[in-house]
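Participant: So the sequences go chain by chain: R and D.
Its first residue numbered 1, the first sequence is counted upward by one per residue in my numbering.
Its first residue numbered 1, the second sequence is counted upward by one per residue in my numbering.
Since the hints were derived computationally from the structure, they do not count as laboratory data.
As the structure is a computational prediction, the values presented were derived from the model and not from experiment.
Where is the CB? At the ideal position from N, CA and C, for every residue including glycine.
Be a bit skeptical, because a hint or two may be false.
Said to hold, decoys possible - Residues from chain D that keep clear of chain R, each with C-beta distances beyond 10 Å, as calculated:
1. Val59
2. Ala308
3. Gln309
4. Pro446
Unchecked claim - Calculated pairs, DSBU-like style, for lysine-lysine (alpha carbon to alpha carbon, straight line, at most 30 Å):
5. R:Lys300 / R:Lys322
6. D:Lys369 / D:Lys183
7. D:Lys304 / R:Lys2
8. D:Lys183 / R:Lys2
9. D:Lys304 / D:Lys175
10. R:Lys300 / R:Lys283
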Amino acid sequence: MKGFLLRFALFLLLLALFGELFFRYAVVASNTAYKVLDPEFRILVDDTSGTRAGTYTLGRLAELRVPWRVNRQGWKSAADYEPRHEGRKPVIALIGDSYIAGFQVEDAQHMTAVMEELLDHRWDVYSFGQGGSCCSQFLQVARYVRARFDPDVYVILCRDSDWGQSITQNARDKNIWQIEWRDSVYAEVPPRFRAAWYRRLPKHSALVRYFSYNVNLDLLGSFRGGWSRPRPLIGRRAKAKPGSAPPVRAAMEHVVGRLRQEIPDRPVVFMYDALRDRVYWGKPPYSAYLLSILKDMAAKYEIPVFDLAPVFVADWNERHEKFSFAIDDHWTEHGHRVVAQGLFDFLISEGIVKDAGAGYEDSH
Amino acid sequence: MAFTSLLFGLFLAAVFLIYWTLPRRNGHFQNALLLAANVVFYARWDWRLCGLLAGAALVDYIAGLNLGPEAPRLRRRLFFALSLTVNVGLLGFLKYYNFFAESFSDFLRLFGLHGDPHTLRLLLPLGISFFTFQRLTYTIELFRQRIPVTRDLLAFLVFATFFPVVTAGPIERAKTLLPQFLKAREFNAASAGDGLRQVLWGLFRKIVIADNLAPIVAEAFAGSARLAGIDLAAALFLFSMQLYVDFAAYSDMAMGVGKLLGVRVMRNFAYPYFSRDIGEFWRRWHISMSSWFRDYVYTPLSMKVSLAQRGRRFLNILVTFAVSGLWHGANWTFVAWGTLHGLFFARQTFVRPPQYDSHMVAEGRLLPKWRELGQMLITFALVTLAWAFFRADSLPHALGYLGAMVCGAWLQLPLHLLPIGYCLALLGLEWLRRRKVHALQIEMLPRVARWAIYFGLVFAIFVFGDFGVNDFFYAQF
Chain R
1 MKGFLLRFAL FLLLLALFGE LFFRYAVVAS NTAYKVLDPE FRILVDDTSG TRAGTYTLGR
61 LAELRVPWRV NRQGWKSAAD YEPRHEGRKP VIALIGDSYI AGFQVEDAQH MTAVMEELLD
121 HRWDVYSFGQ GGSCCSQFLQ VARYVRARFD PDVYVILCRD SDWGQSITQN ARDKNIWQIE
181 WRDSVYAEVP PRFRAAWYRR LPKHSALVRY FSYNVNLDLL GSFRGGWSRP RPLIGRRAKA
241 KPGSAPPVRA AMEHVVGRLR QEIPDRPVVF MYDALRDRVY WGKPPYSAYL LSILKDMAAK
301 YEIPVFDLAP VFVADWNERH EKFSFAIDDH WTEHGHRVVA QGLFDFLISE GIVKDAGAGY
361 EDSH
Chain D
1 MAFTSLLFGL FLAAVFLIYW TLPRRNGHFQ NALLLAANVV FYARWDWRLC GLLAGAALVD
61 YIAGLNLGPE APRLRRRLFF ALSLTVNVGL LGFLKYYNFF AESFSDFLRL FGLHGDPHTL
121 RLLLPLGISF FTFQRLTYTI ELFRQRIPVT RDLLAFLVFA TFFPVVTAGP IERAKTLLPQ
181 FLKAREFNAA SAGDGLRQVL WGLFRKIVIA DNLAPIVAEA FAGSARLAGI DLAAALFLFS
241 MQLYVDFAAY SDMAMGVGKL LGVRVMRNFA YPYFSRDIGE FWRRWHISMS SWFRDYVYTP
301 LSMKVSLAQR GRRFLNILVT FAVSGLWHGA NWTFVAWGTL HGLFFARQTF VRPPQYDSHM
361 VAEGRLLPKW RELGQMLITF ALVTLAWAFF RADSLPHALG YLGAMVCGAW LQLPLHLLPI
421 GYCLALLGLE WLRRRKVHAL QIEMLPRVAR WAIYFGLVFA IFVFGDFGVN DFFYAQF
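Looking at chain D on its own, in the form it has when it is part of the complex (with noise of 0.2 Å):
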């Protein structure tokens, strides 16, 4: 069930009206109707495979159930041995066995050996990558001892099924999202509205630019040789838009959804495109995986090395992204694009380490300084050439667009100046309003503008969507 389509409408409606209605009682009766929910929701899409997420999670209830403080040693590991080997195990078996039995049989073949790959036809759970991590944060973090054990089962269940993140995130951690399925939560009016404009503002840039930049960044990539460099320059420049607007249209679907429940899902997104650095970059793009990453993994490996083990640290760095550029999908393409990125630290590393912190580019300032437009150019520049590989079907692929890209002709005018217009005036607007969570927090205007605003969008949607089959481009991951 799309967010985009008109029956995940009836069904949130339905859910909406049904949940604010039940008895607020300790929260059992909202979050049983929750549970239906989500399983309708991963029903729709393929209700086999309902088991599968059902049963991964009580295997994690069961393992939190043998890792509070008071157990013993040995169990503890042990339990948490099982919840690391199902969840990595089911992720790593579904997910890469071919890739790795394909990618093997390769590397056979370079010393002339024969190995044919014995690959299966397996179907993938929808959001598998981020149901499991998302789980993963409740027995790791219980391991470290650092959240109590959840004794609630229907809480839990919820928490691991959650539909609005269930399908492409964002990766909450059982820390701050299982806590709010304890108790029951209030109907906040402001909170709800807040919600139901996120949802709009999510609606309206997936279906209305996203989903038609798909098709030109589509044919520039299906056919890279026949077009003018400057050509494919423009349709990885819309890709880079395409992805971000279309990812972070989820994320807002999903936080504005969470409100309209009750229940805060964290920022997924913040404004990366005006980001001064790599570092920055990974501090604004998918929030919820860079940070995971960073804490269950890069932070474990850099445990004891020093400040001053430069090598060691950008080693560590280098790894990290190779193994999440690898998290988002079966190929080595995601790999390339992931070790692109950990190099792209080197200067971090080695020269100069972090100038910002998290705060906003031209803080109080309308426009930036020269110096920091630079910075976030480059850095646009750095972040739109790797995407080139997130896109392409194959590594050779990827470099022959970047080869027919650079050698291309660029003396002539780019063939969909509409599309980089609507997007430049996008990025416009996302800079006005580069304070607020999203763009259409406008509640500061008189109620008639406010309307006319949002009667603006839907007809924009009405009249300029694609209402095609359009899944959102990471729900594939």
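Isolated chain R (complex conformation) (with noise of 0.2 Å):
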């Protein structure tokens, strides 16, 4: 018995060593930065105490290997980003999750840089994106990015999922910030994560990042904020427990009024993501429900909603070209290049950058 399981753990050892060195070198491991929390606004940034590049890689056979940067204040980001100053260019500040973060893309293919080509380089065009957040978040990420860089103008993306996910009643997530249903209104609940040193020990290991990255298993779940995934209570599940889903109509509300209230002179827009699936199968591309609560929200609030779907779905007709990888949702080159290019018409079309030259207080 003691041999055989002395002969076994050899095995298990060897076995972990030959896969940190395959998973390390031949089939990379994906790799992202460490997240620590602002401890001012308390959201998530990419730690810039170490090292701040990596190899984003995607697939089983790290088929898609793709290098980040992040820059000094904690952003995925060949550049820094500068506060407000004399001489500053115009900005525009693009919140979201991992799409916005993009890491599946190099930084010259990233939204970002193709819209700042679209505006003659002369405005700049910021990206706050992390994995996971949703619309609460974005909220508190729009507070910090008004206090540290104060653009010009704010772009949220958002999606179906991100109203559901931000309600801590159907999932508490301790990484983001949060609403909470509470005596009929919402109450914001920061988050509790900690970067401590051994939550960052399994990510030392290629085996567990090829697993949690690659393989898409949960072995980081808890570190990435509880071993289930959130599953809001919202459309049938909701309906199936009336009465036991806090409103969502309340949370957008909350959200959309608190983010015109807080940054009443600048333009902010949502932008409205499609699932990409949906639209190559030519079915509705989201909740027609949960964006038609969102258009009346934001026209009570004046805010300009910016739909990607009829984006997508014209330039799928034209070129029948994904937006998206055959083995991950998220934008591809050309789902970023599209994006931009919708998202640069939009704020032209609503006069929001009158001239890509000027920022928002020179152009209105």
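Take the two lone chains and join them into the complex the hints point to.
Facilitator: Put into structure tokens, the structure is as follows:
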């Protein structure tokens, strides 16, 4: 028995060592930045204390390899972000989740770079994306962005699932800023994330990272916000439990209303994402119910909503080139280009960017 | 708790370590641990049905106490009837009630009568067909006075709920499995090592091969009208492989886990696709089930039938296969599949009796003779055609699939060449290893070579494995 166990332990040890080497140098396991909590605003940003560069890989065979860099402010970008000062170019801030972070594409192909090109490099586009974020978190990120960088335009990317995910009663996510339905109003609940050294330990292992990021097994689940993924209580699940779900309309009102109240002097745009697969199948690419509520709410607070679905549908009908990877739902380079072009056109059509060379205050 | 999950790996490791450190005296401690493990394993799927499993097992235990040779004849018959009624009644009610209610209603409609089926929303216990048949072997064999009564309740409960076989077999016999729990099990490093290898081989076949074939097959069966004939034929071939690999992988893992715990679990597959006729196929495919039906359905039906009564024998074969088809699932497709297999026996029954003993084809040779190759291909083609009924949702679906396959275009390359290639490679490997219980019995190789092969398999699982929630195909039965 002892001999058997020793041999088996030796086998596992050698297997782990071989795995470490294999997934470090042959099939390179994906790597992303460590997260820390901004002490003042309590939102997750990328850690800038150690290495700020790495390689993101996608797929079992690491078919896609993309180098990434984190700037000094803790966001995935090659360029540093500057606070407002005389002589700074006008800035568009993109706030969102992993789609805005865009680890799957190189910086030069990211929608920020495409937009800067479309804007003739007379504007800077800053992206503030963190995987797993949702609308309640975007509100807090917008506060952070305003205080630190005071951009000229705010663009917030959201989709159907972001509303349900925002509400603690649906699923508490300790990594994000959420809202909680208490006494018929929403109260904001800060995250409880702690960047302890032992939480980072597993990510040193290429084997663990391979299973977590390339295979998408939730090995790092406990480090990313719980073993089980949040299952928002919206739509059919909410209908199945009448009275149990906090109202999504009030959640939207809280987020949209606060945004308008706290950023009264700058244009804010909601960019509403569409499910790519449903675009390819020719089906409605989002919940028309949620979008209609958002549009009502946005109209009430004079915030324009940019619907990405028609942009995706038009491009798909014209080119038949997919916007997302076959093995991952995030935007490809083509997806980033289409979104950037669509957003640029929308900002022009709405008069938010009247002259690509002038900032908001100059152009109004 | 699926055998392929990380959770099961941790569970097995914990059970293994505790199991072999417990005192061996009479095996009571080992049995207590196994019973706890069985409960945890089953409760992980649905804890509410543990009571049903235990209740039915207790009925059989009590029936068994009254089936001993010393018991009066009437009492023996009564308790045997009780056991049969409870087991077959539970299985019939939970698995077949809705099927028969709907079928009866459809039948009435044929005559213009309205008979709305009164169906029930029943939760079908996982593995009910397997554990019911396994327990039945105890009372049937006791009634036939072929095994002694078991008074050790703990050992009996472990036998009735043994976690490696409870959800998808092999359907163990009381005669072989139960006595193993009546004494302490001793650790055997060689057997445990072989068990680990068998688990690894099963895991590889399930996660890398079967689960990667599943979506291709599902797509073909969902949209058979859109595909060319050759693609449908290829998908049917891939389903044939998926089903075999999936179920044989489960059986391998069950056997391997059994070996780790010092318990011999019967072999369920013996390279069935190398069979030269349908009779040989059924001696090599799902051996535990086919031998169960042979021993407990066909043999009693044929007890008073002479060899000359070929028509009667053939009818018994048809009945046995139709019932075995129904055992798989409450759908006419399974009945059709079973009946089709029964019909395949027509040639053996009326024209030419079975020619082969249990020896493997091309014994002592590397390659089969042309004649053997032809026989194997014909048997494989027949079995594969019948799988269309096994996989389809309904009889029209199966007939539509086969119709589209025959009438569709054939003069082109199939879409999924790579999966066909690796299935053929697997068959080639199995051909070379056909004298072994499983392909990973490579103890004659130097350790470095063996470990390199293990590493290769583990990394193939890591890189090519499908880690989605893919239950074993046979777990649904």
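Participant: For lysine 304 (chain D) and lysine 175 (chain D), compute the direct alpha-carbon distance and say whether it is at most 30 Å.
Facilitator: The given pair, whose Cα atoms are some 25 Å apart, holds under the 30 Å limit.
Participant: Under the criterion that the straight-line Cα-Cα distance not exceed 30 Å, is the pair lysine 304 (chain D), lysine 2 (chain R) satisfied?
Facilitator: violated (56 Å)
Participant: Would you check whether the claim that alanine 308 (chain D) is not at the interface survives, using Cβ distances to chain R and the 10 Å cut-off?
Facilitator: Correct as stated: the minimum Cβ-Cβ distance to chain R is 57 Å, above 10 Å.
Participant: Would valine 59 (chain D) pass as off the interface with chain R, using Cβ distances and a cut of 10 Å?
Facilitator: Valine 59 (chain D) is indeed farther than 10 Å from all Cβ atoms of chain R, at 38 Å.
Participant: Assess, step by step, whether the Cα of lysine 300 (chain R) is no farther than 30 Å from the Cα of lysine 283 (chain R), and give holds or violated.
Facilitator: holds (29 Å)
Participant: Mind verifying the non-interface call on proline 446 (chain D)? Its CB should be farther than 10 Å from each CB in chain R.
Facilitator: Fine: 15 Å to the nearest Cβ keeps proline 446 (chain D) off the interface.
Participant: Would the least Cβ to Cβ distance between glutamine 309 (chain D) and chain R come out above 10 Å?
Facilitator: Given a closest Cβ separation of 55 Å, the condition holds.
Participant: Does the alpha-carbon distance linking lysine 369 (chain D) and lysine 183 (chain D) stay inside the 30 Å limit?
Facilitator: violated (47 Å)
Participant: For lysine 183 (chain D) and lysine 2 (chain R), compute the direct alpha-carbon distance and say whether it is at most 30 Å.
Facilitator: Given pair lysine 183 (chain D), lysine 2 (chain R) holds - Cα atoms ~23 Å apart, limit 30 Å.
Participant: Are the Cα atoms of lysine 300 (chain R) and lysine 322 (chain R) separated by 30 Å or less?
Facilitator: Status violated; Cα separation ~35 Å.
Of the hints listed earlier, those the structure fails to meet are numbers 5, 6, 7, in rising order.
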